[in-house]
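J.: So you can see what is in the structure, the chains are spelled out below.
2 protein chains.
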Amino acid sequence: MQKVNIEEKLSLFQDYWNPRIVGELNGQQVKLVKFKGEFVWHKHDLEEELFLVVSGQFKMEFRDKTVELKEGEFLIVPKGIEHRPVAEAEVSVMLFEPATTLNTGDEKGDLTKETLEKI
Amino acid sequence: MQKVNIEEKLSLFQDYWNPRIVGELNGQQVKLVKFKGEFVWHKHDLEEELFLVVSGQFKMEFRDKTVELKEGEFLIVPKGIEHRPVAEAEVSVMLFEPATTLNTGDEKGDLTKETLEKI
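Residue numbers (my numbering), protein chains in the order written: chain U, 20 to 138; chain P, 20 to 138.
Bear in mind the hints are in silico, worked out from the structure with no lab data behind them. Do not take every clue at face value.
If several chains are the same, the list does not tell them apart, and a pair holds so long as it fits within one copy or across any two.
[Claimed, not checked] Below 25 Å or equal to it, Euclidean Cα-Cα: the simulated DMTMM-like pairs (lysine to aspartate or glutamate) are:
#, residue 1, residue 2
1, Lys84, Glu27
2, Lys28, Glu90
3, Lys28, Glu101
4, Lys127, Glu90
Owing to the predicted nature of the structure, the values given are computational and were not obtained by experimental measurement.
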């Protein structure tokens, strides 16, 4: 049972769109990820996802609107809803979601990470 | 589907040991709470709890050790483990835990909050 320092964990990696697992509880995982650029449109049929901005800012695009998120703000994306994160500059994000969640949801491709590193 | 600004939500209440619900996903809840002073020793037989410090600092006491947590750090408390948060000065904390979690766990008393406000 050890505490996790978020900045310290973020300093351990630099690549984008590759979430690291930093905590697990009740079948859910806490992940840290850096975004830069545009991700792929996708949805999760079974899982809801929380995105909390640790530093920087990004936009979550939906088919009918866009939500801008900055440091200290979070958004919960319901299951079944298509979304795409877009970051003009690097942003660090904490995710809370079920352990079963695949980063690209129903859109498997080059950006899909089948297994995530625990740090 | 609306974003949540953590500081804004924290400005809506001032009392201690009274968590507010600010998000729900996958049967879990995101809560914000302010601590000051000593809470009661308790455990949760079924739920694991995540404590993330938003501002300030506090100590999580266990029967065999103490973990000091400051801004940007989190700790996951396993189920069945007795713990007691202690804060010398006011601290703001985000909780992530199952919707079934009672704040005082197995130790019902004056500090127990059977129902929580959603803000």
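J.: Between Lys84 and Glu27, at a C-alpha cutoff of 25 Å, which is it: within one copy, between copies, both, or neither?
T.: For Lys84 and Glu27, the Cα distance is within 25 Å only across copies (23 Å; inside one copy 34 Å).
J.: Up to 25 Å between alpha-carbons, please classify Lys28 paired with Glu101: within, between, both or neither.
T.: Neither: 29 Å inside a chain and 27 Å across chains, both beyond 25 Å.
J.: For Lys127 and Glu90, with the copy left unspecified, which applies at a CA distance of at most 25 Å: within, between, both, or neither?
T.: neither (29 Å within a copy, 36 Å between copies)
J.: Tell me, please, which holds for Lys28 and Glu90 at an alpha-carbon limit of 25 Å: within, between, both or neither?
T.: both (17 Å within a copy, 14 Å between copies)
Against the hints set out earlier in the document, violations occur for numbers 3 and 4.
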